[in-house]
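Student: As a plain string of letters, each chain reads:
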Amino acid sequence: MTAVESALQTFEKQLNRPLIAALEACARCGLCAEACHYYAAEPRPEHVPAARGEALRRAYRAEHDWLSRVFPQFTHAEKLSEESLARLSEMAFSQCTLCRRCTFNCPLGVDTPLLMRTVRAMAGAAGAAPELLVMLADAAIEKGRDPSFYREMFVEQMAELEGELRARTGDPAARISVQRPGAKVLYVALSGVHTILPPAIIFTAAREDWTLSLFEASNYGVFLADVPRAKEIAARIVNEAKALGVEEVVLAECGHAYAALRWEAPNWFGETFPFKVVSLIEKLDQYIAEGRLQLDPSVNTELITYHDSCNMARTGGVIEEPRRVLRAVASHFVEMTPNRAEAYCCGGGGGLVALPEYAERRLAAGRPKAEQIRRTGARVVVAACENCRLQIGELNEHYGLDVQISALADLVVKAIHGPAVRHEAEKLFAGVHSVAG
Amino acid sequence: MDLLLITQLLALAALLFAIAAFARRWQAAHQRPLASERAPAKGSPARGVWYAFTLGMAPWAKESTRRHPIAYLRGIAFHVGIFAGLSALLLGPLWAALPPALRVLLAAGCGFGALMGLAGALARRAERDLRALSTPDDYFAVLLVTLYLALAGVALLDAAWLPAMYVAGALLLVYMPLGKIRHCLYFFFSRRFFGLFIGRRDVLHSEVTR
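Protein chains in written order, with my numbering: chain A, 164 to 600; chain B, -1 to 208.
If you are wondering where the hints come from, they were derived from the structure by calculation, not from laboratory data.
Computed from a prediction, not measured in an experiment: that's the story for all the values here.
Any given hint could turn out to be false.
Computed footprint of chain B on chain A; a stretch qualifies when at least three of its residues, placed anywhere within it, have a C-beta under 8 Å from a C-beta of chain B [as the list claims (entries may be wrong)]:
| # | region |
| --- | --- |
| 1 | 183 to 189 |
| 2 | 211 to 222 |
| 3 | 234 to 240 |
| 4 | 327 to 336 |
| 5 | 423 to 433 |
| 6 | 499 to 505 |
Beta carbons: idealized from backbone N, C-alpha and C, even for Gly.
Just chain A, same shape as in the assembly (with noise of 0.2 Å):
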């Protein structure tokens, strides 16, 4: 089977309800163009999202449309070649960042990310997606096949952890425990010790019974817009879950991560999960409201600016309650205009920030989110989303922001009563900060 055939082939198995409505609906209205980040950035014609749909309706059209097949030219369809599908998936990758943005600006809400994801799937299948991504979400699935090696050695990390925890609370019962079966609560943290000390330490605080997963919760099979690649990383945790019997699995902080963890692995697996999937934000948000955590607003003084991450707010509904958190360990908050379900994607999402050869393209788009940034006058970037705070991290160097970026359970467990916590919360801040910015 050629490359094209098998991306068609994936096209016509991906062909459901929803990409049917969102490659039919589209009038060409033109009205998302200023909702694309890209656009936003350079406004060119090929950097409207309705462009970008376009250029795989031309290939739908080319092969499911009566008119169509009669008169190309009338529709402008054609029939994909090796070179469309080229010209599609460097777009689908580089181009797009899913972020939805153009949908919810749309009149017709048009789901361009999806006819996106559907590119980038016909792009896997054809052997055109980028390397680097199949090589991370494969060698996630190894990982989970075989986890017996890595876990000797991430259970003797935390341990070491573990100590560093006990100094950092003042309390000697402090425990990082990996894959304790009964814990009510499965954290899964991203790579790096950065998401799991402070989650730790506010969980010790908030006397939360938890443990750790074995396992990351950033999942490349969805930049991949692979669902049998997904599915795979996705079971591990999932699995991991069951046989712990947790009541809830907390993911760090990370957009795409909660995204797909809570909102559509359920339907890759076609089950209800037996466990409740939030993020650590929501858990911190239910901490503050039980009076689980004692606070101090008044330690963080500088002036803070939130970003949504757009797989936390626009897609995972996850949208005041980082704003409650930070209303609760902050002095001073601004927001950057627009906001919420309005705000602007980083430039970093679906998978860009993973992709040097994209790097260039990544930070010009990144300019409408720089600007906004500057116009708060903050001095600290909080961000929910690891990629969020990557791409931010590298738009601060690149535009000279002068800003700080953190995640928000960084500025948790600073604002946390209690010296001990408060004095080495400061130097882990600190920490963050010459790693993030």
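Go by the hints and put chain B onto chain A.
Tutor: Same frame as chain A, now just chain B:
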């Protein structure tokens, strides 16, 4: 048979074709799978759908329409004109029984819609991004609707134009399910899916309550 009757029958045949073709499209779309949502909802899907078809269509609801209120309102006026024009076509045989004021109102709606359609075609040609996006189908669709609305508006005031209106109406009805205008069917699918999405995930909630 006189010319009026022939053109009326032509329009009727076109109407039946349009209904059958749209029904076929609706059926074909429904034969495609629709995955059931397994993730527990955070908000109300029904409320999301309601919002998507009501307040979510308001000019102030989206940044894009706040930025381009004239273009959006022109589009809305054009579509109101289309509804007036199609209502006039369906009510055609009963025109004599309609109150004169209603006929004038329908004529005004059609006429204004035609002007907005013409403005839309010109904008599509004049604006760089729209021009790059457009296919011949886009121009044909808007000009055909504009022609029909103009003829309907005139015919409502002068019955001598009725045969011309019916011919243009017949052409429009045949073209509707085949060309770009078929988006009128998929609009309902697309908006509904959008509403379900924002309602289920409670994105709407923050938008409405902040």
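Student: If you check each hint against the structure, which ones fail?
Tutor: 4
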